[in-house]
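The chain contents come next:
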Amino acid sequence: MDSTQLLKGVLDLAVLAVLREEDGYGYDIVRRLRSAGLDEVGDASVYGTLRRLYSGGALTTYVVPSEEGPHRKYYALNSAGRTQLELSAKVWAEFSRSMSTMLEGIVAA
Amino acid sequence: MTPETVTAEVEQYCASVRDALADLAPDVRDDLLEDLADHLMEVAAEGEGSLADRLGEPSSYAAELRSAAGLDVPEAAGEHAGLQDRILVTVRRAGAAGAQADSRLGRVLGYPKASQLIRALAPGWWVLRGWIVAQLVCAHRDGGWSYIPTVGNSALLGAAITVALIAVSVVLGRRTPHFADWPRRIAYAASLAVAVWGAVVLAPYLRETNYTIQSVPAGADMYGGGVSDLYVYDQSGNLVPSARIYDQNGNPLQIGVPDCTDGGRGAGSTPIDPSTGEPLTNDWSYPLCPDQTGPFQPPGPVQSGAPTPSNAASPTAPATSATSTKTTGPPMASSSP
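Just so you know, the sequences run in chain order L and Y. Quick note: the first sequence, position 98, residue 84 per the working numbering, numbers continuous. Quick note: the second sequence, position 100, residue 335 per the working numbering, numbers continuous.
It should be emphasised that the hints constitute simulated quantities derived from the structure, not laboratory data. We treat Cβ as the ideally placed atom computed from N, Cα and C, and that holds for glycine. There could be a bad hint or two in this list.
Which residues of chain L face chain Y? A few of them, derived with a C-beta cut under 10 Å, are [unchecked claim]:
(1) K(-6)
(2) Y11
(3) Y33
(4) R83
In silico DMTMM-like links for lysine to aspartate or glutamate, alpha-carbon gap of 20 Å or less [to be verified]:
(5) L:K59 with Y:D270
(6) L:K59 with Y:D266
(7) L:K59 with Y:E269
(8) L:K59 with Y:D265
For reference, chain Y alone in the conformation it holds in the complex (with noise of 0.2 Å):
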């Protein structure tokens, strides 16, 4: 009997008997089953009607075969005694157990069997599997990341690249329940290798877009409208020019312009503080600028760039009265209710 001969779906039935047959030895499965498909073609050429209504499902032939066979209980002798006969038929009754929700849960899914739409959603697999093997070849070496990947820079060949192996996985994916034992085992394997792979490594890489967004906060909303900077002043209406704001975290708000670009420092320099001139340790605290003017004069005489008097708030404790936040003051010093 050549493949070509056997309708799919007596190989359809075929494997679903040898699969609830899978705990037997494979030498004796393989014997209860050598005339199966030669007598399903028959059957099949016989008559009307699917094969399932004609000889009952698939799972419930294998148990009549297996019964009949008197295989329904391990044979004891030799090698198969023991701790090694409990464990099979333990993996039977997992088999059974199995078989049995795979029906229940079908049934809810309206379906026969619950992995007959797992089949049905094999197709899918194959292709997400040709497109994340894609990536596996080409995105991955380029460092940079896109749906569709690109190889040195040509996203034609990227996109050329992912059709061809997804059309290979697809034909794989066809032909690998045919295969024989081993090389079908080890298509199985890298199947799951390349799951695996694909949701280990490949899945942050899709979240990667919302991070970007996340970790560089153009401004804060506040009151309904965009606050891009803050400018802290003392009681006397004298601006603060090393005030830092924190969070009731105690962690520096991340807000103002990123890049200190003007005064005189030029871009990508650290920031200093100008009451110590060392420079600032968390630097991505306010102010990011230490030359900052502010929104408007004092009243009094302006004290820009000088060391902040001592009354007013010190770096780490910036004065609450004339900041237009709430969040300001550090965690030790907010009230508890």
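Chain L with its partners taken away, still in its complex shape (with noise of 0.2 Å):
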């Protein structure tokens, strides 16, 4: 199975996980994510997870001038998404429980 399939269903969840850490743009937030373990991801797939997060009212934006490059639009949680967060989260540790449980003894840890 292809990991690219596996992350559109949880690439919301994931960068909502790295805005709670700290705020950031949007190739910050590919990078963060690839760092922690998420090569596959794509740029495309984070920018427009992005605008649609936003667009539902789990982020707030805001731009920081910067001298020597562009200015950056950062992305920050709202309590709209850390709610979205918390629950995701809980959706997802069941799931991966439950996952983890049948596929037991198959991969050797």
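Make one complex out of these two single chains by using the hints.
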């Protein structure tokens, strides 16, 4: 199974989780997801997800001026986003527990 | 971000992604693409390889962006409901089909996409466009026509205007993609108008040279030799002075000296049918000059200028026996096989 298929379902959760640690702009969030182990994550997927979460009211944005580079739009969790993160995290935890139990013994730990 | 800092590659990639999302509402699309240029600049600055190598083709980037943003299905809310909704879906499908055809045709042509070939050919169009506009402003007014238009008898001025307009067209062509929405649309519409004008108004001029040659035949080729004139003799060997010769379709043969400068009638006068005294109605048919004498004299008495005997050919039914051509005789008289 391709991990990009799995990512589609959990990218919202991953992005929310990354933003819980610290606000970030688009490419920064891409980098953080990759360094967290989601190597396959596509740039466009992250930007699209950010846009959708923002439209859905889970995120706020603010622009940070920069001296050398371009002004960057930072994304931050708001309370709706935090609630969504908690709920999704619970769903994921249950789901992943079920899957892990089902697949026990197949992959050597 | 100023345009100067955006590399051509980033610009190109951005434009392609934007094109692939052309079916989205402008504000939604602008929202979605707001960070794209900055993002691409950062990616470009970060490592080796083209943007397409690292991010995939712009079309797939656009598809991923669209899908992740949840814009795969048009919002069924409010203004986009119902018929408009279906239209949007149709337009989007057409766009996707177009993109696919673009790639497939491109493979045949040896390019990643057919549109890339068209883009590569664009400078050629810019030059042609400049030339067409030069024709529009110069040659048109003189009523004349040449590849390099003349302005008031000055080919040099015409050439200078042509070169200048081509230069303007090329510069405009390079800049048009970076115009804002409306100026860009206007530029494309004007460009289309020039193309249509060129095709409709200018194309006949380009063929005109051929028309001129065809419309004034200097003679006819027959049996390997040039035939410049025809004379009709009756069975007794008398010249038939007013005989007219038609082809198998009933069209008068336009052969012979087209202007009757000799014979005392003066140039440009209408040929007169000597038997009736009336001007010849089909005055381009044979013979053009009523007082022809013929290449040789008949054995009997010459009846030049006199009305044709009744046993000889009538003016509309020329005799066939004495003529050296197989194309004589009106269509009615020709026997059908």
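Evaluated hints:
no.	hint	verdict
1	K(-6)	8 Å, holds
2	Y11	7 Å, holds
3	Y33	6 Å, holds
4	R83	27 Å, violated
5	L:K59 with Y:D270	8 Å, holds
6	L:K59 with Y:D266	12 Å, holds
7	L:K59 with Y:E269	9 Å, holds
8	L:K59 with Y:D265	14 Å, holds
Checked against the numbered hints above, the structure violates only hint 4.
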